[in-house]
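Novice: Sequence order for the protein chains is V and Z. Sequential numbering of the first sequence, starting at 21, is according to our numbering. Sequential numbering of the second sequence, starting at 904, is according to our numbering.
In case anyone wonders, no lab produced these hints; they're calculated from the structure. Mixed in with the good hints, there may be bad ones.
To be verified - Think about it this way: if two alpha-carbon atoms lie no more than 27 angstroms apart in a straight line, the pair counts; the simulated BS3-like pairs of lysine-lysine are: (1) K66/V to K37/V; (2) K61/V to K72/V; (3) K63/V to K1049/Z; (4) K914/Z to K66/V; (5) K61/V to K914/Z.
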Amino acid sequence: MEYEIIFNIDVMLAKRKMSVTELAERVGITISNISILKNGKAKAIKVSTLAKLCEALDCQPGDILECRKK
Amino acid sequence: MSQKSLSNWLKGMICGVGICGLLICVLVLPMFGGKLGVLAGNPSLYWTWLILLWLTSIPCFIALVFSWRIVSNIGNDCSFTQENAILLKQISILAGGDALFLFVWNIVLFFCNMNHPSTLLACMFVDFLGVVIAVIFASLSHLVGKAAELQDECDLTI
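One chain only, chain V, in its complex shape (with noise of 0.2 angstroms):
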């Protein structure tokens, strides 16, 4: 069985309320990028911007991240 990681973003967003376009200009990174993290089509991270993500939504990893069966 193969299994996916599930950016949960919005939950977070929604807890901050913070919209994804703060969220990006926090993280360095563009509106785009955050979709693709989203959206799941995604292939790497890199571990600074999962920090990046973390300080921006005061946040665990494991609270945005989540691993589940296709």
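Position chain Z relative to chain V; hints supplied.
Specialist: Relative to the frame of chain V, chain Z by itself:
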């Protein structure tokens, strides 16, 4: 040299090769083919060889069209794509197929007494060139395919 100017130069080269190829097929071969047939002592060979050479030139022009598409992609900053890898593979198949076609017909015409040993030898050299081109383009196709995969991974790394 920028990618756009490189693409323009390559397009110019393809146009030049295409025009030269057309001139050879339409003017040079018909003009000199008849004279060579007379020198060989068998003018009736003229049409046989002319049609054979025209048929072997068709894959070359198709390969030029594919090359044009590859060069257009390079100009649009899409050098390392699966599309380019497939086009390079198709050019390789065309070159190999063309070489095989020429080889087979050469042997057939030789056994039908419609060929000369020197012509057979010259065509073997052309066949060898065709195989070399096929191998080179197959290698390029493989490398571009691998590069396309790397590019994809890089583009989708956030």
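Novice: Among the hints numbered above, which are violated by the structure, and what are their numbers in rising order?
Specialist: Checked against the structure, the hints that fail are numbers 4 and 5, while the rest are satisfied.
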